[in-house]
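Trainee: Residues per chain are reported as follows:
There are 4 protein chains.
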Amino acid sequence: MESYRDLGARLSNWNRWGPEDERGTVNFITPDKLVTAARLIRTGKMFDLGIPFGADGPQPGGGRVNPVHLMRETGENQDFPGGFHFADDYIFMPLQSASQWDGLSHVFYDGHLYNGYSSAHVDSHGAKKLSIDKMGKGIAGRGVLLDIARLKGVDHMQAGEVITPEDLDQAMAAQGVQVGTGDILLIRTGWRNVFTSSGDARAFMSGEPGIGLACCEWLDSREVAAIACDNWAVEVLPSETDDALPVHCVLIRDLGMTLGEILDFEELSADCTQDGVYEFFLAAPPIKFAKAVGSPINPLAIK
Amino acid sequence: MESYRDLGARLSNWNRWGPEDERGTVNFITPDKLVTAARLIRTGKMFDLGIPFGADGPQPGGGRVNPVHLMRETGENQDFPGGFHFADDYIFMPLQSASQWDGLSHVFYDGHLYNGYSSAHVDSHGAKKLSIDKMGKGIAGRGVLLDIARLKGVDHMQAGEVITPEDLDQAMAAQGVQVGTGDILLIRTGWRNVFTSSGDARAFMSGEPGIGLACCEWLDSREVAAIACDNWAVEVLPSETDDALPVHCVLIRDLGMTLGEILDFEELSADCTQDGVYEFFLAAPPIKFAKAVGSPINPLAIK
Amino acid sequence: MESYRDLGARLSNWNRWGPEDERGTVNFITPDKLVTAARLIRTGKMFDLGIPFGADGPQPGGGRVNPVHLMRETGENQDFPGGFHFADDYIFMPLQSASQWDGLSHVFYDGHLYNGYSSAHVDSHGAKKLSIDKMGKGIAGRGVLLDIARLKGVDHMQAGEVITPEDLDQAMAAQGVQVGTGDILLIRTGWRNVFTSSGDARAFMSGEPGIGLACCEWLDSREVAAIACDNWAVEVLPSETDDALPVHCVLIRDLGMTLGEILDFEELSADCTQDGVYEFFLAAPPIKFAKAVGSPINPLAIK
Amino acid sequence: MESYRDLGARLSNWNRWGPEDERGTVNFITPDKLVTAARLIRTGKMFDLGIPFGADGPQPGGGRVNPVHLMRETGENQDFPGGFHFADDYIFMPLQSASQWDGLSHVFYDGHLYNGYSSAHVDSHGAKKLSIDKMGKGIAGRGVLLDIARLKGVDHMQAGEVITPEDLDQAMAAQGVQVGTGDILLIRTGWRNVFTSSGDARAFMSGEPGIGLACCEWLDSREVAAIACDNWAVEVLPSETDDALPVHCVLIRDLGMTLGEILDFEELSADCTQDGVYEFFLAAPPIKFAKAVGSPINPLAIK
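As you go down the protein sequences, you meet chains P, B, L and X in turn.
Counting from 1 along the first sequence, just add 8 to a position and that's the residue number in my numbering.
Counting from 1 along the second sequence, just add 8 to a position and that's the residue number in my numbering.
Counting from 1 along the third sequence, just add 8 to a position and that's the residue number in my numbering.
Counting from 1 along the fourth sequence, just add 8 to a position and that's the residue number in my numbering.
Take the hints with a grain of salt, since some may be wrong.
Since copy identity is lost for identical chains, a pair holds within one copy or between any two.
[Stated by the list, open to error] Here are the simulated DSBU-like pairs of lysine-lysine, each with C-alpha atoms no more than 35 Å apart in a straight line:
id, residue 1, residue 2
1, Lys136, Lys160
2, Lys160, Lys53
3, Lys53, Lys136
4, Lys137, Lys53
5, Lys160, Lys142
6, Lys41, Lys53
7, Lys136, Lys41
8, Lys53, Lys142
9, Lys160, Lys137
Rather than coming from a laboratory, the hints here were simulated on the basis of the structure.
Okay, chain P solo, but in the shape it has when bound (with noise of 0.2 Å):
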């Protein structure tokens, strides 16, 4: 197999949309694309693919610990002229220990980020190339759901399986539609239902289906503008090669693909078999924390 640093060379993005550019292959999303992909709203059908964040999330603790909700005021013991009351609360969490997308300055190897930035300019002060908020005008576009699980006709895919070129081809036969430029990619595993129905957070995140390495060029030639999962890191784990997260390494760093993770693609692929119709508008904006490696989100899929 052609190693990840071989394939990231040969997919390399760098300079493509200039010597400056922080936001990657989202640049594929141009405007018509915008214009185009609201099209997609026929019905006006909704889905948020956000999880919930709080306590009870997928992280079984280590580096990343679930969101840590607290009440700074609950209207209790308030005296404010009028009866007025309110509540407020805080929020202590990292900041992808839930739906998340991916900044570009998340991954990086051989001392270079995306675009060829070198990787110093991620230290304790945060990202200063490539932060997430960098993408802050977006990311909204087309979304095609590729439903996997559903088309090797299994409640989940297994940890370990996967996910190949050609099932993406075949996921778009069966489901007649196909991805394009500027489309942001959603692939269920169904592995957000190994958490959902057990609880268990370290069953969750012991690996996972999900694309191999030969999908990276199929992403490249479709000149794809993003891609989500509903697993944690979109590639398959255990990793085909002895690498650690090799996909991430070619998707990030080389083509400057984000990504977007631990999404619930759950209503959505049901309404999807019912109706037949796999692609709609998708409005997905990272919230824009200064110098961060990543953002919470909560996709907005819309018919």
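Fit chains B, L and X to the supplied structure of chain P, relying on the hints for placement.
Mentor: Okay, now just chains B, L and X, sitting in the frame of chain P:
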């Protein structure tokens, strides 16, 4: 002047969408409204209305601090197979410290939340009713900008300066746009400029121009779905009466209308002035924080 | 068995040190007690009884998480004149997630805190009465270790195993030490070993050996100033009765006795066994968190 | 003036306590010093030198914010058997935002920490060497207060006012006390009053009186174990040279001396003036935060 309690009782939407409703006026955004709103995406121009989230934000301290962003991993001193490196980060913040939706559990009086829910539903465990995640399947629809600062020919209106229904009517007339059922109304006061020009959080928070109590009836009669402003509390401060935040009380608790605050309309305003188009598709999904009384947002306005 | 309410009423210290008192039994540590305690520093051996505070602590998640330590500055990418570099860091944690004093506002029943204060003094703004900083001028004095695990000849006692007054008496006799007015009593169950040997936070938190209700009278009659243990709740769990944490209720709310929890007595215990000296000077100042209901500690035992 | 680098090289304690040492000058506090120090507890008077930790502390914002205290449980809406209620709370704070020990990993230059450890030991994962928990078995011993503000007859010294070795000598003579091996030296500048009288964090942080570089040799020659002050950086600011924090560099990195900052000596000072006794037992244990570069403290001075 009619007391805010009398006004609230008169305009009340309690039980309008059933006794179990937790979404209030966003119910005005019916599927057909979404379909119609989508047609406003004509050129693919996109505007991100969220402000940057970081240490230099508009909170001067006290009950709310600015977001504190901390890196957990920077890529240094990692030793993953194959050369993979990753960065990861945490945020600590009040959920309403920057661009935000107020949840319907954020404000109440006389022991009741919107729709008659007891205020006892809000306690140190969070909001059992009317939490912001109940708005997760939203908030998107037709957005309309009424640019009151421009109407008055000022860079920014003054603290304590009341926006009246007549101002709103005049802005509609001057701009050639109507506000109707299910619209998300953006009102520009220019107050955001007070902060961005000086960086002075204390000045920004010391008061603000905003809508007066009379606008509540205007918003109610037009069946507006949500309102959002470039100040920090939507309503004029100091208030017209001796009551604390009476517009909050009426809109959130009686009408069930969520408020968007601390937004940036400068780029959008400039564009609207140029092309004369003050309506657009707006996608502003809250992050689904469980039991939370508000959420950070980055609304996308798309023409 | 006498109900914990009856027991608490019988042993109550309310008003013993006046109606304004917020310090409870630490009042037993009078200046002369401090002078006497200081004479126990005879060889200069020092033992630090706090456990490490970090991500791999004994909290399995839920209401309390382990401390999250995050670096703000690491020295890299700084450019101060003369070559100065500094590192800086943040902590996010439940105040009672590791070694700790319970404040007297930590536990209550029937609407009253210690000394008759209304429980309404504790709200989302913190504790207006009996907060831990009221103990700031302390807690130090004569410490005595009663090593019950060693008395019973076990590495650690079992969950649900009750320590009785007879156990305490036998330990005093076996060790040749008396517990008296103003002493800070340390009781070793060995339960800490359950966590350190396995790293299993869930096992550690699933129950514990500890003192039973009958010990409350024993502690009261000897005028003990404070009690601290190497388990996480001082008292036996599951409890002897169907009540939740009845010993907490009696000691904290009725006697006004603060509890020290999640401490490490292993090194101290080994030393005491060797030299036969079970008394020492103990200095365990809480950090003065305003309005807090507990504080992290690192008690020093000095012989 | 000798450069701080030359001064540091001349006074260096590297390797004095072996190549593995991580405790520096606190090694001067030998067991016999502890025994002698304990004899200073003669009347049982106790002074707590920590300041309150809360939202109204001395941090004006920026890299360090004041501690944010949030309640997790207030006792309301709990339903435990038997009527038990509990309160619980969280803290978010920079470890050096209020009363604190600087760890020996807090400051460095020229790529080396104290004792020659590479500064690469400090990264986004924390301090692998010289973290504050290495001081866990301490810091306690003989404390001596040199009251320079009182010597100069002022409420507080001025920002930029240098404390010299002569000042220290004169204070010793005036107070009739000697500073010697293993002592923890407290220097009072009165600067704490600038904050407590005005609540103005910015004024407090804008500069300070403190020791100058010449005092490093004085501290070294007397074999002082640790130094602590009522300002926020021990040393005079603005500095005597163009270097940033040169006294920090020499004391922490070359001598291996930990610094105590943002303490409150007012009550202690008043008492010392009254009884003429400027020595006492001091117990100031750091909380054992793993890999941390500093710790909050509440030092107890006991006479």
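Trainee: Next, verify each hint and record whether it holds.
Mentor: Consistency of the hints with the structure:
1. Taking the shortest alpha-carbon separations for Lys136 and Lys160, neither the intra-copy value of 43 Å nor the inter-copy value of 39 Å comes in at or below 35 Å.
2. For the identical chains of this complex, Lys160 and Lys53 are intra-copy neighbours only, at 26 Å inside a copy versus 39 Å across copies, given an alpha-carbon limit of 35 Å.
3. In this assembly of identical chains, Lys53 and Lys136 lie within 35 Å of each other by CA distance solely across copies; the values are 26 Å between and 39 Å within a copy.
4. When the C-alpha separation of Lys137 and Lys53 is checked against a cutoff of 35 Å, the pair qualifies only between copies, where the shortest distance is 24 Å, while the shortest distance within a copy is 37 Å.
5. For the homomeric pair Lys160 and Lys142, the shortest alpha-carbon distance between copies (33 Å) is at most 35 Å, but the shortest distance inside one copy (37 Å) is not.
6. For a Cα distance limit of 35 Å, the shortest separation of Lys41 from Lys53 qualifies both inside one copy, at 21 Å, and across copies, at 11 Å.
7. In this assembly of identical chains, the alpha carbons of Lys136 and Lys41 lie at most 35 Å apart only when taken from the same copy (29 Å versus 41 Å across copies).
8. In this homomeric assembly, Lys53 and Lys142 come within 35 Å of each other (Cα to Cα) both inside a single copy, at 30 Å, and across copies, at 16 Å.
9. Proximity of Lys160 and Lys137 under a CA criterion of 35 Å is satisfied in neither setting, with 40 Å inside one chain copy and 40 Å between copies.
In summary, the numbered hints that this structure violates are 1, 9.
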